[in-house]
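Quick note, the sequences are listed as chains P and H, same order. Reading the first sequence from the start, the letters are residues 1 to 497 in the working numbering. Reading the second sequence from the start, the letters are residues 1 to 497 in the working numbering.
Warning: the hint list may mix true and false statements.
Intra- or inter-copy, both count: the list cannot distinguish identical chains.
[What the hints assert, rightly or not] Here are the simulated lysine-lysine pairs, DSSO-like style, with alpha carbons at most 27 Å apart:
| hint | residue 1 | residue 2 |
| --- | --- | --- |
| 1 | LYS37 | LYS297 |
| 2 | LYS151 | LYS297 |
| 3 | LYS37 | LYS151 |
| 4 | LYS121 | LYS463 |
| 5 | LYS37 | LYS463 |
| 6 | LYS37 | LYS121 |
| 7 | LYS161 | LYS151 |
Derived from the structure by calculation, the hints contain no laboratory data. Keep in mind it's a predicted model, so treat the numbers as computed, not measured.
Protein chains: 2
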Amino acid sequence: MARKPRVVDIPSIGALDRAGGQLGRQLANALREAVRKGDLLPGDPLPSSRVLAQSLGIARGTVIEAFEQLLAEGVLETQQRAGTRVANSLAVPSQGESSRGRHAVIAQPLSPPARATAFAKVAQEFSPLPHVPFAVSVPVGSAQPGEAWRKLGNRIRSRGKGSPAGYGEPQGIRILREAVADNVRRSRSVRCSPDQIVITSGIQQALYLCCQILFEDGDEVWVEDPAYRGITAILEHVARGARVIRVPVDAEGIMVESGIAAGGQARAAFVTPSHQYPLGMPMSMARRNALLDWAGKHNAWIVEDDYDSELRYAGHPFPSLQGMDPIRVVYLGTFSKILFPSLRLGYAVVPEGLEAAFCGARVLMDRHPPDFDQHVLAAFINEGHLDRHVRRIRGVYAERREQLIEMIGRLVPPDIAWLQPSDQGMHVVLWLAHRVDDRAIVAALLAAGVAARPVSPMFSDGKGRPGLILGLGDFDRPRVEAAIRQLTAVLLAIGRA
Amino acid sequence: MARKPRVVDIPSIGALDRAGGQLGRQLANALREAVRKGDLLPGDPLPSSRVLAQSLGIARGTVIEAFEQLLAEGVLETQQRAGTRVANSLAVPSQGESSRGRHAVIAQPLSPPARATAFAKVAQEFSPLPHVPFAVSVPVGSAQPGEAWRKLGNRIRSRGKGSPAGYGEPQGIRILREAVADNVRRSRSVRCSPDQIVITSGIQQALYLCCQILFEDGDEVWVEDPAYRGITAILEHVARGARVIRVPVDAEGIMVESGIAAGGQARAAFVTPSHQYPLGMPMSMARRNALLDWAGKHNAWIVEDDYDSELRYAGHPFPSLQGMDPIRVVYLGTFSKILFPSLRLGYAVVPEGLEAAFCGARVLMDRHPPDFDQHVLAAFINEGHLDRHVRRIRGVYAERREQLIEMIGRLVPPDIAWLQPSDQGMHVVLWLAHRVDDRAIVAALLAAGVAARPVSPMFSDGKGRPGLILGLGDFDRPRVEAAIRQLTAVLLAIGRA
């Protein structure tokens, strides 16, 4: 039988801090550490709880508590009459080496998994912009939802609807789905019942769900060229089995005939008909008809990303593709632009029969949207605040947009940068002279405290045209003017270099 | 030249509701509808705005507004001197048929995509339980975070930190990551800096991220048998390229030697060391060492799902695997159990070097976690409320657990169902007599107003052992007793049948 160590044989125990509280836990940690370091070896018997308590000058109950913890962990074991000892099973894997030392020796610096490198690049590309001009949709000043939003929140939490609750509906709460269905019917001629609404964490999650559900590996998928990086990055890094066909856009939107020529058998098409992203033109009725015609003949799904149609400054928003063909169009909307991005609430209107699939795919991603703000948003819509808010910010952003365009015209030399014409939305595209590296410009701008996104990565390989996305935020006039002067300086400096 | 229709030739226009407001929009809709229905054909000229305004008895500006809208949409076109007409381009895709009729004829009822059916089954399996016994973690009574949570929310919103904002950090706000890092260091001996914390929408999203980043298609992956359906369902339906090796568990947790025999070259292992899900035993120190030993030799990642270790009722929680080997263990925690599930906030502690990858994969899923509740949670932790809350609910759930076990012992005949021993967590496993279909039992219970989850789907194919997961909620004694009587009645009825 192995010697029974005296307390002095377990040096870690000297470190007990009698004033520090949780003595039982401290003792358990100390004994565990002693086993790890090899001060105590597998099979070593421990002093009895009475002896150990006496020598440490602590209560016997404290020692028993520590022993029980270590017995439960499998660090110690007891056998009838043989008392408590270090578990023999610990000897097997570590073969006598101390555990900590063993890992330090064997472990090589782990090389990151292959996909980690690609995802790290995505993180870099999508890193959030500081909340300065020209970050998009920064709710400062009069673009904020304001007091109504705050008061509703306090009220709904105290009434209990939005208070802490158990697991909720993957599809989103019913009252919000009803409010959204009613809203998109009125404002966007989307034809749907609340059962077809799936509340998402913004349009990004809705796009992700579409990529999981609507097609299989090997299927062809149309994506506009240029397009939102939020969709092309999913297809590059997640839904990697799809065969992506980039379909060019012209002044009328996606060139359906080009799509058909390149891949008429595609299973899905991702489009931004109200306001092509990033270029800004609406899709003409002729193209809408042609797109639906093709989709109808080939049983393809259309994903209609309607990210900011509420912000059309002239005339009414276009009626949705979904309203023209509800059985094959998935309509995506968001509250990020008209309320605020940090809310992370958007929605998909899905064709009848696909509701459960969207819920199933969503439940695996993150179970369900948080409850609280869903209740606040539902009340905000139902009590008429959203309509009033949209009318107000339409005016705000129209003015900011005019201001921005006027300043660019006045301050930016037209031979180095010029605006893409458009009449809606929350951003403008500023084209840059050919061969300028818009990524380098963006980095230089960021260093100078100005936020922008490069346009060239939105084109398919080899077609990248340099430009900048300048988002509208409700920043005041001097701040925007200062940012444009800074922008001009950067463009001139890089142009010269 | 085509005839210029009189107003009476456009029947839809009769439907203008002069009291309904937005006349310009109504007129645009009516004209668009007329084109769709074929009342107006491509090339048809329209009456001049003056004539149309006169005959409709509305302002000419209203007609011009409608025309401009339809010109922008491409429904109408103008040519110098030729006036306004229905766009000829509309003729191309529809070949003379009316658009609506055309789609109704061509469109077959779309068959759902292949993956939709599988995801619909997932939705069914994961459909949320009603908030009645034995749904897990329903924050009623004294298990609620209560006034402190509500007051913090109101305060933080009015101070502005949690108020509406632009796009935020995919990794989560810094102040919350600091609070979480400090908390897991103290309570779970997790060794990390705030830079290694990634705030997620609960453990489900963290598991999903791990499946995207840590291995490639074709790689082997260990998963416990039985295991949480939240991980096995991701591997079945999303990360389908992985070769899943189910590794059995015994009283000491995952049987590492079995895993090595079945697939020693695996790239990752998903484990629940504190409290095996669903069976409840902790992983012994010997197995922890063996698992880390294997992982160290084969450069494998360990995912440590620590979903409810705070709720250990005897002794202290086990120290984490992560603390033993921070370079290869991804540690996952959640606030769903100790606060409330509808919050949707959890976290991953990722090895150094993988932070950016987790952010990149997350940004494609949903950009970032909503801001508001992150600020509230950070304050809740930093002001000491979380520690107090955990101490309180540990007592609450310990009592509820004792109560449940006592009632089951008293009311459920031991030959039809018996409890799996365990000493921690927010659920118990009730084993059922062999060959009972636990899914059918669960359906019958649900019809009787009692919530439970079946255990058999948590085992790999062919090994499903029937049982029920009974979650702890803070329901009062009479309610729980009524639910157990109901449960007994259902078990006896199905047993007889």
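Between LYS37 and LYS121, at a C-alpha cutoff of 27 Å, which is it: within one copy, between copies, both, or neither?
-> neither (40 Å within a copy, 50 Å between copies)
Should LYS37 paired with LYS297 be assigned to within, between, both, or neither, using CA atoms and 27 Å as the limit?
-> between (71 Å within a copy, 20 Å between copies)
Within, between, both or neither, where LYS151 and LYS297 count as close if Cα-Cα is 27 Å or less | Neither way: LYS151 and LYS297 sit 51 Å apart in one copy and 57 Å across, limit 27 Å.
Within, between, both or neither, where LYS161 and LYS151 count as close if Cα-Cα is 27 Å or less = The answer is both: 14 Å in one copy and 16 Å across copies each meet 27 Å.
Quick one: LYS37 to LYS463, C-alpha cut-off 27 Å, is that within a copy, between copies, both, or neither?
-> neither (61 Å within a copy, 40 Å between copies)
Status of LYS151 relative to LYS37 across identical chains (alpha carbons, at most 27 Å) = neither (58 Å within a copy, 47 Å between copies)
Pop the pair LYS121 and LYS463 into one bin, within, between, both or neither, using alpha-carbon distances up to 27 Å.
-> within (21 Å within a copy, 42 Å between copies)
Hint compliance for this structure: hints 2, 3, 5, 6 are not met, and every other hint is.
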